[in-house]
Amino acid sequence: MLVMNQVSKKFGNFTALKDVTLEFDNGIYGLLAPNGAGKTTMIKMLVTLLFPTNGEILYDGTDITTLDEEYRNVLGYLPQEFGYYKNYTPEKYLMYLAALKGMEKNTAKQKITELLKLVGLENVTNKKLKKFSGGMIQRVGIAQAMLNDPKILILDEPTSGLDPKERARFRKLLNVLAQDRIIILSTHIVSDVESIANQIIMIKDKKVLYKDSITNICEILEGKIYETEVEIANAESFRAKYFSIGERQERDQMTFRFITEEKAIDPAWRNVRPSLEDVFLYIYQDDATLAGSTV
Amino acid sequence: MIIKHELWKIAKMPIIWFLLLFFIGLNVLISLTNTDFKEDMAVLKDLVRNYGHDINVEMMTDLGDDYEEKVAWVNHIAKHDGKTYEHPSELLDTYISEKPFNEDEMQKLWQYRSIETYYRVSQDIDEFYQKLDLKDSASAIIGMYGMKDAAADTVRDQFQKLDRRLEELIENGEHKHLFFHNKVYEMHELLFEKIGRALIFELMLLFVLITAAVTNYEFENKTAAVSYTAKRGRKLALAKLAAASIAGFFVILVLIGVTFTTYFLTYDYSGLWNVPISTYFNAEMPLPYITWWNLSFLEYLGFFVLFVIIIQYLFMGITFFLSIFMKNTYLVFFCFLIIAGAGVLLPEIAPHGSNFIFYLQYTPYVMVMNPHEWLMGNGPFTIYKTYEAVTIVVWTLVTGSLCALSIRRFKRMQLH
Ligand SMILES: Nc1ncnc2c1ncn2[C@@H]1O[C@H](COP(=O)(O)OP(=O)(O)OP(=O)(O)O)[C@@H](O)[C@H]1O
Ligand SMILES: [Mg+2]
Chain E
1 MLVMNQVSKK
11 FGNFTALKDV
21 TLEFDNGIYG
31 LLAPNGAGKT
41 TMIKMLVTLL
51 FPTNGEILYD
61 GTDITTLDEE
71 YRNVLGYLPQ
81 EFGYYKNYTP
91 EKYLMYLAAL
101 KGMEKNTAKQ
111 KITELLKLVG
121 LENVTNKKLK
131 KFSGGMIQRV
141 GIAQAMLNDP
151 KILILDEPTS
161 GLDPKERARF
171 RKLLNVLAQD
181 RIIILSTHIV
191 SDVESIANQI
201 IMIKDKKVLY
211 KDSITNICEI
221 LEGKIYETEV
231 EIANAESFRA
241 KYFSIGERQE
251 RDQMTFRFIT
261 EEKAIDPAWR
271 NVRPSLEDVF
281 LYIYQDDATL
291 AGSTV
Chain A
1001 MIIKHELWKI
1011 AKMPIIWFLL
1021 LFFIGLNVLI
1031 SLTNTDFKED
1041 MAVLKDLVRN
1051 YGHDINVEMM
1061 TDLGDDYEEK
1071 VAWVNHIAKH
1081 DGKTYEHPSE
1091 LLDTYISEKP
1101 FNEDEMQKLW
1111 QYRSIETYYR
1121 VSQDIDEFYQ
1131 KLDLKDSASA
1141 IIGMYGMKDA
1151 AADTVRDQFQ
1161 KLDRRLEELI
1171 ENGEHKHLFF
1181 HNKVYEMHEL
1191 LFEKIGRALI
1201 FELMLLFVLI
1211 TAAVTNYEFE
1221 NKTAAVSYTA
1231 KRGRKLALAK
1241 LAAASIAGFF
1251 VILVLIGVTF
1261 TTYFLTYDYS
1271 GLWNVPISTY
1281 FNAEMPLPYI
1291 TWWNLSFLEY
1301 LGFFVLFVII
1311 IQYLFMGITF
1321 FLSIFMKNTY
1331 LVFFCFLIIA
1341 GAGVLLPEIA
1351 PHGSNFIFYL
1361 QYTPYVMVMN
1371 PHEWLMGNGP
1381 FTIYKTYEAV
1391 TIVVWTLVTG
1401 SLCALSIRRF
1411 KRMQLH
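First to last, the sequence lines map onto chains E and A. Residues 1 to 295 (my numbering) make up the first sequence, in order. Residues 1001 to 1416 (my numbering) make up the second sequence, in order.
These are computed hints drawn from the structure, not numbers from a lab. Everything numeric in this text was worked out from a predicted model, so none of it was measured. A virtual CB, placed ideally from N, CA and C, is assigned to each residue, including glycine. Watch out, some of these pointers could steer you wrong.
Beyond 10 Å from chain E on every Cβ pair, some chain A residues (computed) [unchecked claim]:
| no. | residue |
| --- | --- |
| 1 | 1001 |
| 2 | 1168 |
| 3 | 1273 |
| 4 | 1351 |
Which bits of chain A does chain E cover? Going by a derived footprint, with three or more residues having C-beta under 8 Å, they are [what the hints assert, rightly or not]:
| no. | segment |
| --- | --- |
| 5 | 1219-1225 |
| 6 | 1232-1241 |
| 7 | 1410-1416 |
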């Protein structure tokens, strides 16, 4: 079990995370928060690149810095910006990383062939990485993280750059892997975690706001999400009055999906089931970090 | 295993191979600058084969008899002008423009003239050393560098010590050995100053480049996040240092190997390897070279190579230390050059009145400036007997500590 205990992280005077306490058991955890919320900072502490300013991170009861090699031996990590040696083939680069992970040469070779097939790169094993597309590089990154069959797999925005087909394949893959390990993946794309995460962790104002199942999190907005049609002429005033989270134009009418605390005043309003995306937008509606970004 | 991978990264840098080839070419060119003297120098080889290099009474008598015969021959071919010549050079000087002799005779005359030089200079050695007064040397240096007070005292003090060593040297007869007549050929300068300094600076460039590039490799390729979170973790830095050491040794082997092979194939030192380096014939300046210990040419060469290797690894250590904290090869290069520049320039601008000026010499940066004066009392500021030893020991300790510190700090460093 991986535990973050009262962990804070400061960069100089700037506090990136404050008093984060979390527990991770086997399963998939979706770290869902907007840009700049501190996802990467949290992950970098979990993979020993950064060290907490306060608090501790324990694996099976021992501090991970004390465990040192023993901890990193069960760790797989895909950084947000996955770097690579341009002139290496994926096979050669993975061989190098396997050596760093202390794997035996023959075991590594076998595992690499297997993994490259798993991420659909079996036909380009001898092509130099500099000729790879962004999505292909990302898949090399995913393969790399799984080389040592890690007990803790930490992926920082693993699906960025992947096409829908690869995303689907990736989600399936994680589902298989999640049986007997901790998987933590960060994203600000709701659909990435919606179908696969057992638990969602949301960070707001440098703190953990929620750590719960999707169903439980969605309950916050139960009975508060509606849809209704509005004349285009009235759209502007409707927007001003209600917090719209989705709009669709159909001929001279607009369909609004919106949040309100008011009980259905208008019979035309249809109460709908809240989705994770609704919650995300609701929670971060006044979040400064969200301003100007498209979600 | 990992070291092999890191070595590959170094081996795949074209710039290193390019520089290595370029430096080899450069050193070969420098090595060949004295080839004009080759025939002249061959005369010495014959002399040493026939009489040995030790200049003593017996040897001088034998050489003298031989020389008499040569002078007789000189007078024989010159008989038509009615004068008597005491030395080959006199005849050559007289007929410098007319050249009434045939090819064979001319060649022989030049050869004899070389023998004359060795013979006559050998005769004058005792007198030279009797007159040699190191107090004058001390005063000259003090005047030349405008030294005052404590600094001037130190120079006088050191020259006094050197004077004692000079007495011992004379007693040992270290000064009386045949060797290349370096007031003319300047072979010591060529080998240890021109080639030596070139070697040191070339190797320094390669060492800094190799060390910085391999240490910063993960940061410059943005692979640090992956590489340093693998099982081995930050210990990878150690493997990098090891790889740099191996690559550095290879570079030393190749560059020094090729350079010296060229040099010693060009200039024949056979019979001269065991000549004391402090012999009068090695002198190039008014003050002959005086080593603090009785060292043969071969031993001196050995110490030279040893010091070059040690100093390069000191440079490696300093570069490694800088790299761990800067993580950028250009920056490291720049900083290293600034430190080196400061190391060389500080002693230049320091006031020449206090002993502080001497302390500033104890850096590898100053030491590499005059490799032809290592272990000698000839450099006015580095005249100390233990200068080289102290510099190396102190800087090995400092650099070793810096490396240990940087490895330890790196283990707890935040890698953003
Ligand atoms: N090395 C650093 N020095 C100073 N501030 C930093 C550093 N790294 C991150 N921050 C700040 O900490 C905050 C959290 O950054 P972090 O990268 O963890 O966000 P994130 O949730 O991963 O965002 P994104 O979705 O864009 O990847 C940001 O305000 C960022 O500016
Ligand atoms: Mg991030």
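Against the structure, the hints come out as follows:
1. 1001: With a cut-off of 10 Å, residue 1001(A) comes too close to chain E, as the shortest Cβ separation is near 6 Å.
2. 1168: Answer for residue 1168(A): holds, closest chain E Cβ roughly 58 Å.
3. 1273: At roughly 47 Å from the nearest Cβ of chain E, residue 1273(A) sits farther out than 10 Å, so the non-interface label holds.
4. 1351: For residue 1351(A), whose nearest Cβ neighbour in chain E is about 42 Å away, the distance exceeds 10 Å, so it holds.
5. 1219-1225: holds (count 5)
6. 1232-1241: holds (count 3)
7. 1410-1416: This one holds; 4 residues, not fewer than the three required, reach chain E with a Cβ under 8 Å.
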